[in-house]
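Chemist: Going down the list, the protein sequences come from chains R and L.
Take the first sequence: its position 65, counted from the start at 1, is 65 in my numbering, and no numbers get skipped.
Take the second sequence: its position 214, counted from the start at 1, is 214 in my numbering, and no numbers get skipped.
There could be a bad hint or two in this list.
Intra- or inter-copy, both count: the list cannot distinguish identical chains.
Claimed, not checked - Heads up, simulated BS3-like pairs for lysine-lysine below, C-alpha to C-alpha not over 25 Å straight-line:
1) LYS263 to LYS111
2) LYS263 to LYS309
3) LYS309 to LYS106
4) LYS106 to LYS263
No lab work stands behind these hints: they were computed from the structure.
Number of protein chains: 2
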Amino acid sequence: MNYKELLEHAHQQIKPYIHRTPILTSSLLNEISGAEIYFKCENFQKMGAFKMRGAANAILNLSEDQRAMGVVTHSSGNFAQAVSLAAQKIGIPAHIVMPENAPQVKKDAVKGYGGKITECFPSIEVRQKTADQIIKKTGAAFLHPSNNLDVILGQGTAAKELLEDHDNFDYILTPVGGGGLVAGSALAANFFSKACKVIGAEPKEVDDAYRSLLSGKIESNESTNTMADGLRTNLGDINFPIIQKYVERLICVEELDILEAMKLIYQRLKIVIEPSSAVPFAAVLRERNFFAGKKVGIILSGGNVDLGKLPF
Amino acid sequence: MNYKELLEHAHQQIKPYIHRTPILTSSLLNEISGAEIYFKCENFQKMGAFKMRGAANAILNLSEDQRAMGVVTHSSGNFAQAVSLAAQKIGIPAHIVMPENAPQVKKDAVKGYGGKITECFPSIEVRQKTADQIIKKTGAAFLHPSNNLDVILGQGTAAKELLEDHDNFDYILTPVGGGGLVAGSALAANFFSKACKVIGAEPKEVDDAYRSLLSGKIESNESTNTMADGLRTNLGDINFPIIQKYVERLICVEELDILEAMKLIYQRLKIVIEPSSAVPFAAVLRERNFFAGKKVGIILSGGNVDLGKLPF
């Protein structure tokens, strides 16, 4: 199958496991930004984030035999919940490696969805090692949160829905963390729109994707000092070439931009989003002239926040 | 016209000025509560609360001559915004008397909707006196936030929509502050449903309505120590007889109940509500046995919160 067929297949097979999320607009936010914005509310998605799409697609693409042995992932957040819930609904075990310092609300959610948590020291190396041990013991299939083509294709279905529900977008914006959402969205826009381009929005504090596109090789972040806790991860060798080929550009935003955008979305759309979700709207506000008069889709990636730690 | 015709007329004439707000459900909140709950999202209403309905209806029922002289109200919050926005859309001046200590976010909103603010000392007597002075000077028509039949009928249209969109409700719950919403909803349920009863939910800290129903006369609150800042007002002589006749019962809830219900709505529905909106869901959780297995509509009255002052 080519990318177009793969996206169609992904969308078809995950439909019983996901919500077709609503799309909100606000005349006031259009006025403030100067653009015509359609917010795709993946914060209303099952388990509260778009990650449900990629997790379901990746599990459904495993063979019967593979599924029987279960799946394993390492994630501090939404992908852990997504794999847990998708596995539960499909009826297979899910092993989740989580850093000890992950927010309690996220650990509780994983448990609530039936995921089996193994806690580990919070470093990328130790996480992977812990996952490897589980794979050796159980034969479970490893699912990477973003550097996995089935995951990327699943994530692309949110943009596909946006393009089905509204015509003639100039741009779709997504946040960029591990790169799965922006890569999948760029594939969807390329194969399911006339001329819509995908732009990634990234916190300046973790601008690895921006620097990677400049240098032509995968760069890493030296610190992860952003409130957008879902975007602290790095690109991978599967999504990076897709991003290089299909993503129009990346826009970096400051922490204060994110805070301001997040506040406006809470105040005006009256919905709960996590800080990562505010990054694309922050990019539209920052590049007002670029987006003036344009029709813009924004993927609000998720709504799983620790309410006691809201940044305002 | 009888009440039924008045409600139909109100709904018809305010339609161009309001949103038909969405109704949300959550399988998890149904599981937690044991009831089947439909949340009517008046937090997504224009200016962020159901008050838009009553304000628009009251203004539209004024004569041309009355409208030309404008309207005046005293309100610390949502009704002030509602009158400002409705007056702006209808093209007449709105004078708003606000206590000096009203939250800045509410003052800014009133100004944003074109209302002319007169600040006054925060007491009910001084508010009314200030409004009276404006009436003398301008000839503006006074609109009471809740003790006005046209306002009550306008507020009732939210329950009417709920009853149009879903069948066979056992109960509709609303918060009780000044009594306009619960009275209007009770009229709507009486005239537009087979057997749906309306229940009011009230913070124990401001249980004037509860005590009024017990004693048979309008009681007042000695303190207003509740986080549900929209519910600190008292019943009036126009809505009280309607409440006595048509409201099934009132349920009082503790502050901790409100906090818990509010948190669940933020976490699970992923929407922004003000504390007053959480009071009916708190009542359902508190009286779990009473509501078990029942089909319940809840009017989420508004979403105008000061984000810096969320109670969690």
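Chemist: Each hint should be assessed against the structure and marked as holding or not.
Modeler: Hints and how they fare:
no.: 1; hint: LYS263 to LYS111; in the structure: between (30 Å within a copy, 19 Å between copies)
no.: 2; hint: LYS263 to LYS309; in the structure: both (14 Å within a copy, 13 Å between copies)
no.: 3; hint: LYS309 to LYS106; in the structure: both (13 Å within a copy, 24 Å between copies)
no.: 4; hint: LYS106 to LYS263; in the structure: both (22 Å within a copy, 15 Å between copies)
Consistency with the previously given hints is maintained throughout, with no hint failing.
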